[in-house]
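Kindly generate the complete structure, drawing on both the sequences and the hints.
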Amino acid sequence: MQGLQETLRHYQRQHPETLQAPSPPGSRHQPPSSSWPASPPTDAVYATQGEADSMSGLRERIQELEAQMDVMREELEHRDLEGDAAALRDKYQQDFENLKATCERGFAAMEETHQKKIEDLQRQHQRELEKLREEKDRLLAEETAATISAIEAMKNAHREEMERELEKSQRSQISSVNSDIEALRRQYLEELQSVQRELEVLSEQYSQKCLENAHLAQALEAERQALRQCQRENQELNAHNQELNNRLAAEIARLRTLLTGDASGEAAGSPLTQGKDAYELEVLLRVKESEIQYLKQEISSLKDELQTALRDKKYASDKYKDIYTELSIVRAKADCDISKLKEQLKAATEALGEKSPENTPVSGYDIMKSKSNPDFLKKDRSCVSRQLRNIRSKSLKEGLTVQERLKLFESRDLKKD
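Under full-length UniProt numbering, residues 1 to 417 are what the sequence shown spells out, in order.
You may find that some hints are simply not true.
[What the hints assert, rightly or not] Pairs of lysine to any residue, SDA-like flavour, derived with a Cα cap of 25 Å:
no.	residue 1	residue 2
1	K319	Q229
2	K303	L211
3	K314	R186
4	K288	A278
5	K313	Q235
6	K340	A222
7	K321	A219
8	K117	K131
9	K340	R186
10	K319	H158
11	K313	E221
[Claimed, not checked] What follows is a list of derived Cβ distance ranges for each label pair:
no.	residue 1	residue 2	range
12	R197	T349	41 to 49 Å
13	R197	E343	13 to 21 Å
14	D318	L184	45 to 53 Å
15	A239	D335	47 to 55 Å
16	R256	D318	28 to 36 Å
17	E130	R164	47 to 55 Å
18	I292	Q208	48 to 56 Å
19	E343	I151	52 to 60 Å
20	L166	R197	39 to 47 Å
21	E163	Q344	50 to 58 Å
Calculated directly from the structure, the hints in this document are not laboratory data. All of these numbers come straight from a predicted model, not from anything done at the bench. Glycine is no exception: its CB is placed at the ideal position from the N, C-alpha and C atoms.
Dropping the structure here:
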């Protein structure tokens, strides 16, 4: 009995996957794990069923053997009590040997059968694996071909869709670019017109300033000429005054000589002649005094006129300096504005891709036009000299006539009376 149990243990150690403890009646048998790759559902079912049949047969056989051993043990116990122990032991030993041989033969046949089934299952599993690999390769190739064709179809559809979208976007972009170009062109034309108007306004202002500057320069030149004329006349009057003073001094010396002459000569002369000479001398003295008064008035008038001319010259010079400074500032500002506007026009033209309007003629002011004579300076120079002669007193270059002297003498006599 112990030898049978040892044989069973040895067989379990050699084949642990086939001989397992009997499972409970309500539980399912779990198949042993396989070391090769998983087979398809059909092979797995076949292998599981074969193993389950062999395992169930082994378990039933083991149970039967255990039941027989229990029965024999009970019989042995009963027979020990009843029969001869030695005979029974021999019989039991013989039965045990027979049973052991039967179990060994059964185990060997079962192991051989199980090994054959396992080899058959492995070969079948290998064939199934080969078939599965071939089927897998075939399906993979078909799927790859289908995927490639689907990808090509998707690529073609995507390409067509992209071409349509690109065409739509190009049309919309072209329309938007055309509208933007038209808007930029209108804006450019408006800015160009505005710049031209500003240039015209600046040109007109510059022209006015240049014209005013030219007029002031001409007025200043006229004032200078008038001043030089006054200076010349003043010099002439001074020379004439000096001549008259010399003549007056000579006349006074002659009168003194006549008055302080020889007493004998005066006594020898008749009283009528002496009275007539005294009367003529008195008249001549009064005439000289009146001439001196006229000359003094002429000198004072010329001095006043000279002062007025100097004041006018200073005022015109200051005005000319102010206008020239203002004109320089306006000209610099206009040049700066024109350069900025040209740069803006150039940038706008380059942005539009058109030709730069640098050489475009802009209606401006020709500074040579301002050199013409102004309207308020077109009067004749004789008018100015005539006004100056009207302002000045009567010139005494030619002296007074005899009638004027007599009238002057008579008027003074009447005043004395």
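Each hint, compared with the structure:
{"no.": "1", "hint": "K319 - Q229", "result": "holds (22 Å)"}
{"no.": "2", "hint": "K303 - L211", "result": "violated (34 Å)"}
{"no.": "3", "hint": "K314 - R186", "result": "violated (54 Å)"}
{"no.": "4", "hint": "K288 - A278", "result": "holds (15 Å)"}
{"no.": "5", "hint": "K313 - Q235", "result": "holds (19 Å)"}
{"no.": "6", "hint": "K340 - A222", "result": "violated (40 Å)"}
{"no.": "7", "hint": "K321 - A219", "result": "holds (13 Å)"}
{"no.": "8", "hint": "K117 - K131", "result": "holds (20 Å)"}
{"no.": "9", "hint": "K340 - R186", "result": "holds (21 Å)"}
{"no.": "10", "hint": "K319 - H158", "result": "violated (83 Å)"}
{"no.": "11", "hint": "K313 - E221", "result": "holds (9 Å)"}
{"no.": "12", "hint": "R197 - T349: 41 to 49 Å", "result": "violated (18 Å)"}
{"no.": "13", "hint": "R197 - E343: 13 to 21 Å", "result": "holds (18 Å)"}
{"no.": "14", "hint": "D318 - L184: 45 to 53 Å", "result": "holds (51 Å)"}
{"no.": "15", "hint": "A239 - D335: 47 to 55 Å", "result": "holds (53 Å)"}
{"no.": "16", "hint": "R256 - D318: 28 to 36 Å", "result": "violated (54 Å)"}
{"no.": "17", "hint": "E130 - R164: 47 to 55 Å", "result": "holds (50 Å)"}
{"no.": "18", "hint": "I292 - Q208: 48 to 56 Å", "result": "holds (53 Å)"}
{"no.": "19", "hint": "E343 - I151: 52 to 60 Å", "result": "holds (57 Å)"}
{"no.": "20", "hint": "L166 - R197: 39 to 47 Å", "result": "holds (45 Å)"}
{"no.": "21", "hint": "E163 - Q344: 50 to 58 Å", "result": "violated (42 Å)"}
Hint check: violations occur at hints 2, 3, 6, 10, 12, 16 and 21; the rest are consistent with the structure.
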